[in-house]
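Construct the complete structure from the given sequences, taking the supplied hints into account.
Heads up: the sequence shown at position 49 corresponds to 50 in my numbering, and the numbers run straight through without jumps.
Note that these hints are calculated values from the structure, not bench results.
No residue lacks a Cβ here, since even glycine has one placed at the ideal position from N, Cα and C.
Any given hint might turn out to be false.
To be verified - Straight-line alpha carbon distances no greater than 16 Å define the calculated EDC-like cross-link-like pairs of lysine to aspartate or glutamate that follow: (1) 103 x 89; (2) 103 x 11; (3) 105 x 87; (4) 63 x 52; (5) 105 x 8; (6) 105 x 11; (7) 80 x 6.
Stated by the list, open to error - Label pairs and their computed distance ranges (CB to CB): (8) 104 x 55: 47 to 53 Å; (9) 47 x 13: 45 to 51 Å; (10) 55 x 96: 51 to 57 Å; (11) 76 x 51: 25 to 31 Å; (12) 57 x 102: 54 to 60 Å; (13) 62 x 26: 25 to 31 Å; (14) 99 x 26: 38 to 44 Å; (15) 48 x 80: 25 to 31 Å.
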Amino acid sequence: MEVLDRDWVDLYCWTQNGSTIFRVHRDRQYWQLMTGILQEFWWENVIPARELLLLGKEQDVKVYEPSSTHRQTGLMIVKSLKLAAESELLCREIAGEINFFKPK
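Put into structure tokens, the structure is as follows:
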């Protein structure tokens, strides 16, 4: 949505038990939070580690390995759950039976 400047996207989700299509609406605050986390990862972990690798200092790269969770992981999860809860179910298929729903 951010890359193509769209207000919503229809997200297709497939599982072995069926599939669904959800309409997810753009949330600029969500994207700003995500972008900040991704930029931090890129500039504070990926780029410095890449520079060390290019210098042949592979043994020193470990210092730039990120932690398993970011300090804002909890907030990102809460906002992701909120975004998912606000999405609209457009279509559901289970065992070949397809149901369509009107978007709001």
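A quick look at each hint next to the structure:
1. 103 x 89: Satisfied, since the Cα-Cα distance of roughly 9 Å is no more than 16 Å.
2. 103 x 11: 13 Å, holds
3. 105 x 87: Since the Cα atoms of residue 105 and residue 87 sit roughly 11 Å apart, the hinted pair holds (cutoff 16 Å).
4. 63 x 52: 13 Å, holds
5. 105 x 8: This hinted pair holds, its Cα atoms lying about 14 Å apart.
6. 105 x 11: Given pair residue 105, residue 11 holds - Cα atoms ~13 Å apart, limit 16 Å.
7. 80 x 6: 20 Å, violated
8. 104 x 55: 47 to 53 Å: Because 49 Å falls inside the window, the suggested range holds.
9. 47 x 13: 45 to 51 Å: 30 Å, violated
10. 55 x 96: 51 to 57 Å: This hint holds: roughly 53 Å between Cβ atoms.
11. 76 x 51: 25 to 31 Å: 28 Å, holds
12. 57 x 102: 54 to 60 Å: Once the Cβ atoms are compared, 57 Å apart, the range 54 to 60 Å for residue 102 and residue 57 holds.
13. 62 x 26: 25 to 31 Å: 40 Å, violated
14. 99 x 26: 38 to 44 Å: 23 Å, violated
15. 48 x 80: 25 to 31 Å: Roughly 26 Å apart at Cβ, these two residues keep to the hinted range, so it holds.
Consistency note: the structure conflicts with the earlier hints numbered 7, 9, 13 and 14.
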